[in-house]
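K.L.:
Let's have the full structure, built from the sequences with the hints guiding it.
Chains as they are written, first to last, in the numbering used here: chain A, 1 to 132; chain B, 1 to 132; chain C, 1 to 132; chain D, 1 to 132.
Take the hints with a grain of salt, since some may be wrong.
With a straight-line Cα cutoff of 30 angstroms, these simulated DSS-like cross-link-like pairs (lysine-lysine) come out [to be verified]: (1) C/Lys-4 with A/Lys-96; (2) D/Lys-100 with B/Lys-8; (3) C/Lys-96 with B/Lys-115; (4) C/Lys-115 with D/Lys-100; (5) B/Lys-115 with B/Lys-64; (6) A/Lys-100 with A/Lys-90; (7) B/Lys-51 with B/Lys-4; (8) B/Lys-49 with D/Lys-96; (9) B/Lys-51 with D/Lys-8; (10) D/Lys-100 with D/Lys-49; (11) B/Lys-49 with B/Lys-129; (12) D/Lys-64 with D/Lys-4; (13) D/Lys-8 with A/Lys-51; (14) C/Lys-64 with B/Lys-46; (15) A/Lys-96 with C/Lys-8; (16) D/Lys-129 with D/Lys-86; (17) D/Lys-64 with C/Lys-46.
These stretches of chain C come out as covered by chain A in the derived footprint (C-beta under 8 angstroms, 3 or more residues) [what the hints assert, rightly or not]: (18) 3 to 16; (19) 19 to 32.
I should point out that these hints are in silico values taken from the structure, not numbers from a laboratory.
Where is the CB? At the ideal position from N, CA and C, for every residue including glycine.
Read off the chains here:
There are 4 protein chains.
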Amino acid sequence: MTFKVDFKVRDYECDLQGIVNNSVYFNYLEHARHEFLSAQGVDFAKLAKDKINLVVIRSEMDYKHSLLPGDEFYVAVEPQRVSRLKFAFKQMVVRKCDDKVMLNALVIGTSVNEKGRPFLPAQIDQLFKPAP
Amino acid sequence: MTFKVDFKVRDYECDLQGIVNNSVYFNYLEHARHEFLSAQGVDFAKLAKDKINLVVIRSEMDYKHSLLPGDEFYVAVEPQRVSRLKFAFKQMVVRKCDDKVMLNALVIGTSVNEKGRPFLPAQIDQLFKPAP
Amino acid sequence: MTFKVDFKVRDYECDLQGIVNNSVYFNYLEHARHEFLSAQGVDFAKLAKDKINLVVIRSEMDYKHSLLPGDEFYVAVEPQRVSRLKFAFKQMVVRKCDDKVMLNALVIGTSVNEKGRPFLPAQIDQLFKPAP
Amino acid sequence: MTFKVDFKVRDYECDLQGIVNNSVYFNYLEHARHEFLSAQGVDFAKLAKDKINLVVIRSEMDYKHSLLPGDEFYVAVEPQRVSRLKFAFKQMVVRKCDDKVMLNALVIGTSVNEKGRPFLPAQIDQLFKPAP
Numbered sequence: 001m002t003f004k005v006d007f008k009v010r011d012y013e014c015d016l017q018g019i020v021n022n023s024v025y026f027n028y029l030e031h032a033r034h035e036f037l038s039a040q041g042v043d044f045a046k047l048a049k050d051k052i053n054l055v056v057i058r059s060e061m062d063y064k065h066s067l068l069p070g071d072e073f074y075v076a077v078e079p080q081r082v083s084r085l086k087f088a089f090k091q092m093v094v095r096k097c098d099d100k101v102m103l104n105a106l107v108i109g110t111s112v113n114e115k116g117r118p119f120l121p122a123q124i125d126q127l128f129k130p131a132p
Numbered sequence: 001m002t003f004k005v006d007f008k009v010r011d012y013e014c015d016l017q018g019i020v021n022n023s024v025y026f027n028y029l030e031h032a033r034h035e036f037l038s039a040q041g042v043d044f045a046k047l048a049k050d051k052i053n054l055v056v057i058r059s060e061m062d063y064k065h066s067l068l069p070g071d072e073f074y075v076a077v078e079p080q081r082v083s084r085l086k087f088a089f090k091q092m093v094v095r096k097c098d099d100k101v102m103l104n105a106l107v108i109g110t111s112v113n114e115k116g117r118p119f120l121p122a123q124i125d126q127l128f129k130p131a132p
Numbered sequence: 001m002t003f004k005v006d007f008k009v010r011d012y013e014c015d016l017q018g019i020v021n022n023s024v025y026f027n028y029l030e031h032a033r034h035e036f037l038s039a040q041g042v043d044f045a046k047l048a049k050d051k052i053n054l055v056v057i058r059s060e061m062d063y064k065h066s067l068l069p070g071d072e073f074y075v076a077v078e079p080q081r082v083s084r085l086k087f088a089f090k091q092m093v094v095r096k097c098d099d100k101v102m103l104n105a106l107v108i109g110t111s112v113n114e115k116g117r118p119f120l121p122a123q124i125d126q127l128f129k130p131a132p
Numbered sequence: 001m002t003f004k005v006d007f008k009v010r011d012y013e014c015d016l017q018g019i020v021n022n023s024v025y026f027n028y029l030e031h032a033r034h035e036f037l038s039a040q041g042v043d044f045a046k047l048a049k050d051k052i053n054l055v056v057i058r059s060e061m062d063y064k065h066s067l068l069p070g071d072e073f074y075v076a077v078e079p080q081r082v083s084r085l086k087f088a089f090k091q092m093v094v095r096k097c098d099d100k101v102m103l104n105a106l107v108i109g110t111s112v113n114e115k116g117r118p119f120l121p122a123q124i125d126q127l128f129k130p131a132p
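P.N.:
Structure (structure tokens):
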């Protein structure tokens, strides 16, 4: 079952074209990932305080359609294991009124310690266990 | 010769990890593209007023290293033709103190008219002329 | 009865101090005002398209306490008439877990037409009718 | 002599009204204050790491005119002592092409330690020395 977070476009997120600015989708996707982590008991802000930083190393985003002021939508989050130290989130932005996919994204990340060295805490590791 | 725009990290662009938030790189890249267009006589805001919208349809970003508060850097912009109606920008974020590449990006766009139909004005088209 | 909009702090809204950045409260307040207007049948984005711009001319904000990652809160909106062409919103940011007031604000605005001249549409005017 | 920082409006800072969004002025003002501090040898990010947080407790902003895409402007910063533990910045946003004042602001702040108690380090204190 896919994890979803509900959103509504806020006017300040729109730019002079009158549509949601491209950079704002990154905000939406990040918030949805952090909500996913939170639902699994992982507190991003607390990890940061403990000097364990989850970082994005690559993102691929396909912009299909533009969100407009007031649009209601959800962001879907699906975790995927990439390698021992890398994990990914398949994400989708879906407009609610017609279930239209507005954006598809693949966000690949890893986790580093205070020295910037890869370090995957167990609580993160287990979220991306490959299916048996 | 590659087009470059100078930047300096502003503290409000950094997040609770103390580094520039991932979404902000998209702001940097967008601003650098618009400065590139402006230097070629293309006014993004004026185009938007005339209902011609340059839109991003895909972005690929490789985050190599994190920018920190106060870091000085430049964003390089290199235009590339993808197809008759699509164009791309190869972009790089480079820290100045040591010429380290912090981020590589490929941003693919197109241009649409008021009805959302592909429409590439001549002034845009000629920026992406394929080499003979 | 006061109009309220519910929010939850998103991690990307926090800065390197680990608290919600001061500028983000402006975003919260604006969104709450636009939701208030929307509930009264006034569409801010549509007005802008029709070249009628609601603009802020003065803001006073008292920061009492800082919102933290994940905090749930609401923004209260109370309309007040200032003069024939000016109106105000008394606003409050209240943390839900303990009803603590985090910020008090007074935002004064007016409405201008395409030429920048004061112009208050009837639908706005009636929202700020002075009590008889 | 007043401290000034140069800026140029970036398109992504503009909202659906085609003008710089109100919240963005707060970003401009903050960046100018931090540059002022930096010029005086005070590193805001380093202070935050040391758990000394400079915080805004009140802001008053008068919006005179709207900045537009591409506008060049500067932000002026003038420090003022308010009381033993409070200090203020008088700030102005001035458009360069015609020296027009776009915004006047008064930002009052204080400095707190890890426990949220007022604590003004000497290096901050001396910036706001009252004239003899």
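K.L.:
All hints are to be evaluated individually against the structure, with a verdict given for each.
P.N.:
Against the structure, the hints come out as follows:
1. C/Lys-4 with A/Lys-96: holds (23 angstroms)
2. D/Lys-100 with B/Lys-8: Judged against 30 angstroms, a Cα distance of about 26 angstroms means the pair holds.
3. C/Lys-96 with B/Lys-115: violated (44 angstroms)
4. C/Lys-115 with D/Lys-100: holds (18 angstroms)
5. B/Lys-115 with B/Lys-64: At roughly 39 angstroms apart (the allowed maximum being 30 angstroms), B/Lys-64 and B/Lys-115 break the hint.
6. A/Lys-100 with A/Lys-90: Holds, at roughly 17 angstroms.
7. B/Lys-51 with B/Lys-4: holds (28 angstroms)
8. B/Lys-49 with D/Lys-96: holds (24 angstroms)
9. B/Lys-51 with D/Lys-8: holds (24 angstroms)
10. D/Lys-100 with D/Lys-49: Violated, at about 38 angstroms.
11. B/Lys-49 with B/Lys-129: holds (25 angstroms)
12. D/Lys-64 with D/Lys-4: holds (19 angstroms)
13. D/Lys-8 with A/Lys-51: violated (35 angstroms)
14. C/Lys-64 with B/Lys-46: Measuring from Cα to Cα gives roughly 42 angstroms; hence the hint is violated.
15. A/Lys-96 with C/Lys-8: holds (21 angstroms)
16. D/Lys-129 with D/Lys-86: At roughly 11 angstroms apart (the allowed maximum being 30 angstroms), D/Lys-86 and D/Lys-129 satisfy the hint.
17. D/Lys-64 with C/Lys-46: holds (24 angstroms)
18. 3 to 16: Coverage by chain A holds for the segment 3 to 16 of chain C (4 residues, Cβ < 8 angstroms).
19. 19 to 32: holds (count 3)
This entry does not satisfy hints 3, 5, 10, 13 and 14, going by the numbered hints stated previously.
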